[in-house]
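Participant: Residue-level listing of the chains:
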Amino acid sequence: MLLCTANSYAKGVYQSNDDFLKEVFNSGVPNTQMLWVLGDIKKGATEILGDKPAQLRVRYWRDDQQSAWILEEIGKEKPITVGLLIKDNKVLKMKVLAFRESRGWEVKESFFLEQFYQAHLKPDLQLDRTVDGISGATLSVRALKKLARLALFYHLNVFKKKGFEKDNV
Amino acid sequence: MFKFFTFHRWAGLSSFALLLLLSVTGIMLNHTDELGLDKSYIDTQWLQTWYGIKMPEQQGYLQLNDGFVAQLGKQFYFNETRLPDENSPMLGGVKLEQYMVVGFKKALYLLMPSGELIEKLDEGKGLPTPISRIGFSKTAANTKHMTIEVDEIFYGSFDNFLSWEPIENKSFTAFELEMPKSIGKAFYQEIYLGNELTLERLVLDLHSGRLFGSLGIYLMDIAAIILIMLGLSGTWVWSRRMFNRKTKSRKTMTF
Numbered sequence: 001m002l003l004c005t006a007n008s009y010a011k012g013v014y015q016s017n018d019d020f021l022k023e024v025f026n027s028g029v030p031n032t033q034m035l036w037v038l039g040d041i042k043k044g045a046t047e048i049l050g051d052k053p054a055q056l057r058v059r060y061w062r063d064d065q066q067s068a069w070i071l072e073e074i075g076k077e078k079p080i081t082v083g084l085l086i087k088d089n090k091v092l093k094m095k096v097l098a099f100r101e102s103r104g105w106e107v108k109e110s111f112f113l114e115q116f117y118q119a120h121l122k123p124d125l126q127l128d129r130t131v132d133g134i135s136g137a138t139l140s141v142r143a144l145k146k147l148a149r150l151a152l153f154y155h156l157n158v159f160k161k162k163g164f165e166k167d168n169v
Numbered sequence: 001m002f003k004f005f006t007f008h009r010w011a012g013l014s015s016f017a018l019l020l021l022l023s024v025t026g027i028m029l030n031h032t033d034e035l036g037l038d039k040s041y042i043d044t045q046w047l048q049t050w051y052g053i054k055m056p057e058q059q060g061y062l063q064l065n066d067g068f069v070a071q072l073g074k075q076f077y078f079n080e081t082r083l084p085d086e087n088s089p090m091l092g093g094v095k096l097e098q099y100m101v102v103g104f105k106k107a108l109y110l111l112m113p114s115g116e117l118i119e120k121l122d123e124g125k126g127l128p129t130p131i132s133r134i135g136f137s138k139t140a141a142n143t144k145h146m147t148i149e150v151d152e153i154f155y156g157s158f159d160n161f162l163s164w165e166p167i168e169n170k171s172f173t174a175f176e177l178e179m180p181k182s183i184g185k186a187f188y189q190e191i192y193l194g195n196e197l198t199l200e201r202l203v204l205d206l207h208s209g210r211l212f213g214s215l216g217i218y219l220m221d222i223a224a225i226i227l228i229m230l231g232l233s234g235t236w237v238w239s240r241r242m243f244n245r246k247t248k249s250r251k252t253m254t255f
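Line by line, the protein sequences give chains A and B. Start counting the first sequence at 1; every next residue gets the next number (this note's numbering). Start counting the second sequence at 1; every next residue gets the next number (this note's numbering).
Hints listed in this document are in silico derivations from the structure and should not be mistaken for laboratory results. Everything hinted at is true.
Residues of chain B placed beyond 12 Å of chain A at every Cβ, according to the derived structure:
hint, residue
1, 50
2, 152
3, 177
4, 242
The calculated DMTMM-like cross-link candidates involving lysine to aspartate or glutamate, where the alpha carbons are at most 20 Å apart (straight line), are:
hint, chain 1, residue 1, chain 2, residue 2
5, A, 52, B, 38
6, A, 78, B, 85
7, B, 74, A, 72
8, A, 78, B, 86
9, A, 76, B, 86
10, A, 43, A, 124
11, A, 78, B, 33
Where a beta carbon is used, it is the ideal one built from N, C-alpha and C, also for glycine.
Just chain B, with the same shape it has in the complex (with noise of 0.2 Å):
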């Protein structure tokens, strides 16, 4: 019984840190939605290096209506507001009267001037795709008209975006990429970084002992087995000492 009784404590006091490290990153994974982990991100340095969290090769620029647009690997923005994600990548943008649209390969954002979505028009709400090339043609009466290449035909919508139909090609001018000159990427490159590592995935890490690699896991595992070795010494220690109170109140008794 001594010996299960120090196994006991000295593995209780051996794993009490990484016990108490389950334990509390458990009740916060349990409670995400409450406590905004999903919705905090971590820009702590040594963090992101630690991650490996780098900008990504996906990375395209514009200015539009006195503001910039940027897409950072899905992440898309106008000005330092962040939009739906994005994963096909960014084309162009044209400032049209009352909007402002910018074209992906799969999609098209339609925003207010003050950088507000409007509408995310895609495949699914009929707009043609591939989209090669966004810009404008002329019309016959010899207007402006926002267009889109999609397999080398030109299409253009007359009802607010809600359809689109093949329009004559005539004198299009693509309206592509590039990057403002008043700023650089570095401005771009400390908001994704602050943008992309969630606290859940920290808590998360840490709970499984990824955070430290394969080691941690391990680690996290023999956590895992001590606490059952607990639970079984603990009650192997206390049945033993209700039998040996029990047995020693008899022999009282007789005696």
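Chain A extracted, bound-state conformation (with noise of 0.2 Å):
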């Protein structure tokens, strides 16, 4: 019973989007921008997803140095909603803002999350460390390690567009 209560606690919304980006952006939130995952980037999300992308439009929201992205990927069953700031092509916050499945949801706890801190793609297009696994979570750790990728990838292809940064691949 016990068990059951902590897990009620545990899935839900905990934070919403416009709060995370009212949270990362002190300065006012920028216009929200669109990226089309077509071409090689759709190449290239495929190859981190394992599957083809679910939508072929990508919200974010950027200033001259960072970008913010919502993005959701199923752990087991459902979606899970995942903000992240990528600053210098490296994750500078991630945080889960949705759980819906019942099981992993230790996900969402800052000692698993700190292990992005600063990561960032390599030319493989994996993470440059190893991130530790939640027993009883792995779909879910797996699900979020990919968001990670997405998200950095993402980033990549719009700030290389512009002209912004120099890669780190």
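Assembly of the complex is requested from the two constituent chains, each provided in isolation within its own frame, with the hints serving as guidance.
Facilitator: This is the structure in structure tokens:
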């Protein structure tokens, strides 16, 4: 019964998308922009996700140096919503905004998410580090790793196009 | 000791089939992802009947851009391609110059003419909900504009569906659901039934015994208890034999 109670408190919406954006952009949330997941971007996203991306259009928010992404990936059966802030091609902030599965909610804890701080993409589209898993949350951990790689990959494409930054890749 | 040995032998033999089932299904469940159990669907009719799978009450159909859109329970299709699930009921759809838009009470799905999903819009993305109707309104310039009705207020988007603003309701025409004449429910019944029961659920129910109702659960409980007793009786028989062997060899050494 205790476990059931813990689970019912663990899943849910922890932070709204708007609140996340207000938190990461102190001086005001920039206008929403769209990245079309087509051509090489689609190819890269497919490689990261291991499947075709679910949507052809992704929303993002950016200023001159950083970009914010709110992405979703299915853990076991239901999507996990994650907010990411990328700066200088590295993960600056990562938060689980909503978790809908009955198991694996531990991925929202800071001890796990801190592992992604300053992570960047290697040329093979893998993270530059090993992220330790959590027993009983294998699929959620896998989903979050994919989302971190995806946000870094999208960020690179957005900033490369505009010529703001040099690639880390 | 003889009694324990006899018990061990008969318990082992009688529960072998159940233990085999427990072990094989357990190994399969440990490798659900690698085996793709959650992505494999069972279309065997008697198993679907056994599980009581039938067409859901929530159904919606419409024809859009020479294709068919269907909602069957939470399953959502463009032609035969399954799109992400949607729980709220489908209301209608419109064809725009570049996109198709299918409206649900709590979401809008933007689709390419080929049926590929461009984006799912919901409350989290600023979509006003609950939507009651979807259709076209005439703008001041007398052009048609896609409009949704929420709580008797009409909303339109002028930035590619990134944001929504209330608009004046001018000759609103709703696009409602309609069963396409060229297809029947039977077409989608087959698709729905073939996409509902996963192999993972079957293996899980075999493992727990639930496939055979509450009797199956008790059978699996008995199998698990026998497994524990086999371990205990096996250890007992082995330790007695070791004890006897040591006693025998000691006696031999004495003589």
